[in-house]
Amino acid sequence: EAGVAQSPRYKIIEKRQSVAFWCNPISGHATLYWYQQILGQGPKLLIQFQNNGVVDDSQLPKDRFSAERLKGVDSTLKIQPAKLEDSAVYLCASSLEPLKEQYFGPGTRLTVT
Amino acid sequence: AQRVTQPEKLLSVFKGAPVELKCNYSYSGSPELFWYVQYSRQRLQLLLRHISRESIKGFTADLNKGETSFHLKKPFAQEEDSAMYYCALKGAGAQKLVFGQGTRLTINP
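Chains as they are written, first to last, in our numbering: chain A, -7 to 105; chain B, 3 to 111.
The set of hints was computed from the structure by calculation and includes no laboratory data. Heads up, a few of these hints could be off.
[What the hints assert, rightly or not] Calculated cross-link-like contacts (lysine-lysine; reagent style DSS-like; alpha-carbon spacing at most 30 Å):
no.: 1; chain 1: A; residue 1: 3; chain 2: A; residue 2: 63
no.: 2; chain 1: B; residue 1: 75; chain 2: B; residue 2: 17
no.: 3; chain 1: B; residue 1: 92; chain 2: A; residue 2: 36
no.: 4; chain 1: A; residue 1: 92; chain 2: B; residue 2: 98
no.: 5; chain 1: A; residue 1: 3; chain 2: B; residue 2: 11
no.: 6; chain 1: A; residue 1: 36; chain 2: B; residue 2: 24
no.: 7; chain 1: B; residue 1: 98; chain 2: A; residue 2: 54
no.: 8; chain 1: A; residue 1: 36; chain 2: A; residue 2: 92
no.: 9; chain 1: A; residue 1: 54; chain 2: A; residue 2: 7
no.: 10; chain 1: A; residue 1: 75; chain 2: A; residue 2: 36
[Stated by the list, open to error] Label pairs and their computed distance ranges (CB to CB):
no.: 11; chain 1: A; residue 1: 7; chain 2: B; residue 2: 20; range: 43 to 53 Å
no.: 12; chain 1: B; residue 1: 43; chain 2: A; residue 2: 32; range: 36 to 46 Å
no.: 13; chain 1: B; residue 1: 3; chain 2: A; residue 2: 70; range: 22 to 32 Å
no.: 14; chain 1: A; residue 1: 89; chain 2: B; residue 2: 5; range: 22 to 32 Å
no.: 15; chain 1: B; residue 1: 106; chain 2: A; residue 2: 9; range: 25 to 35 Å
no.: 16; chain 1: A; residue 1: 43; chain 2: B; residue 2: 53; range: 24 to 34 Å
no.: 17; chain 1: A; residue 1: 70; chain 2: B; residue 2: 81; range: 38 to 48 Å
A quick note: this is a predicted structure, and the numbers were derived from the prediction, not measured. We treat Cβ as the ideally placed atom computed from N, Cα and C, and that holds for glycine.
So here's chain A without its partners, still in its complex pose:
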């Protein structure tokens, strides 16, 4: 079975620019997660979707970050405008159900200069 797909794999932008990341979960997986992993730290959950609804976005900086999963399949995460501290790897994961094993994508490495 195909794994979680993410694009782009790498992105370099200047501060105050905008950027978007895309994630396609494993087919049939209803739950989708976006994590932020800053260098030297573990992943931190930004937002969790169940189908096309948001379950938890308590740690999403909503003044600059937004995410959507309109059709309950693939998802986009946007940062507008980016700050230097947004430099990180953004991981997407999916699971069949909320309490089942999460499968991670390869991540997108964002560098903000």
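We have chain A; now place chain B onto it with these hints.
Just chain B, lined up with the frame of chain A:
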């Protein structure tokens, strides 16, 4: 609040030696604990979970509620065990994983 602490950022052992990666947690209820691993140039993946009580690739981990720990152990390290290891916690009834900062394990030949 839920918190996971991995006190060692780096751990280096020789092949054939025992390995123990430490994980301590802070949670008032009954948590579910996990170990995730990321090998070089691969994705983050689940290694084992405490409720399964299984041994994966020779690794075991026992949940010690008294010491609030979930240390990962292997009696004889192999070179292919070199990787980044993350301990993670999920609160009772919760859906969110909280990760520790990770330990980079290097097995020397």
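Tested hints:
Simply put, residue 3 of chain A and residue 63 of chain A have alpha-carbon atoms about 26 Å apart, close enough for the 30 Å limit, and the pair holds. At most 30 Å may separate the alpha-carbon atoms for a hinted pair to count; residue 75 of chain B and residue 17 of chain B meet this at roughly 14 Å. In summary, the hint linking residue 92 of chain B to residue 36 of chain A is supported, as the alpha carbons are separated by about 13 Å, within the 30 Å threshold. The straight-line distance between the Cα atoms of residue 92 of chain A and residue 98 of chain B is roughly 11 Å, inside the 30 Å bound, and the hint therefore holds.
Under the criterion of a C-alpha separation no larger than 30 Å, the hint pairing residue 3 of chain A with residue 11 of chain B is consistent with the structure, at around 27 Å. Simply put, residue 36 of chain A and residue 24 of chain B have alpha-carbon atoms about 20 Å apart, close enough for the 30 Å limit, and the pair holds. Proximity of residue 98 of chain B to residue 54 of chain A is assessed by CA-CA distance (about 19 Å); at most 30 Å being required, the pair is judged to hold. Using a Cα cut-off of 30 Å, the hinted pair residue 36 of chain A and residue 92 of chain A holds, with the two alpha carbons roughly 18 Å apart.
Distance hint between residue 54 of chain A and residue 7 of chain A is fulfilled; the C-alpha atoms sit about 17 Å from each other, no more than 30 Å. A distance of roughly 18 Å separates the Cα atoms of residue 75 of chain A and residue 36 of chain A; the hinted pair therefore holds under the 30 Å criterion. Range check, residue 7 of chain A to residue 20 of chain B: about 47 Å between beta-carbon atoms, so the 43 to 53 Å window is met. Taking the beta carbon of each, residue 43 of chain B and residue 32 of chain A are about 19 Å apart, not inside 36 to 46 Å as hinted.
For the pair residue 3 of chain B and residue 70 of chain A, the beta carbons lie near 29 Å from each other, so the given range of 22 to 32 Å is met. A hinted range of 22 to 32 Å for the beta carbons of residue 89 of chain A and residue 5 of chain B is consistent with their spacing of about 26 Å. For residue 106 of chain B and residue 9 of chain A, the Cβ-Cβ distance of about 32 Å falls inside the hinted range of 25 to 35 Å, so the restraint holds. Taking 24 to 34 Å as the suggested C-beta distance range, the pair residue 43 of chain A and residue 53 of chain B conforms, at roughly 26 Å.
A hinted range of 38 to 48 Å holds for the C-beta pair residue 70 of chain A and residue 81 of chain B, which are about 41 Å apart.
Hint 12 from the earlier list is the only one contradicted by this structure; the remaining hints agree with it.
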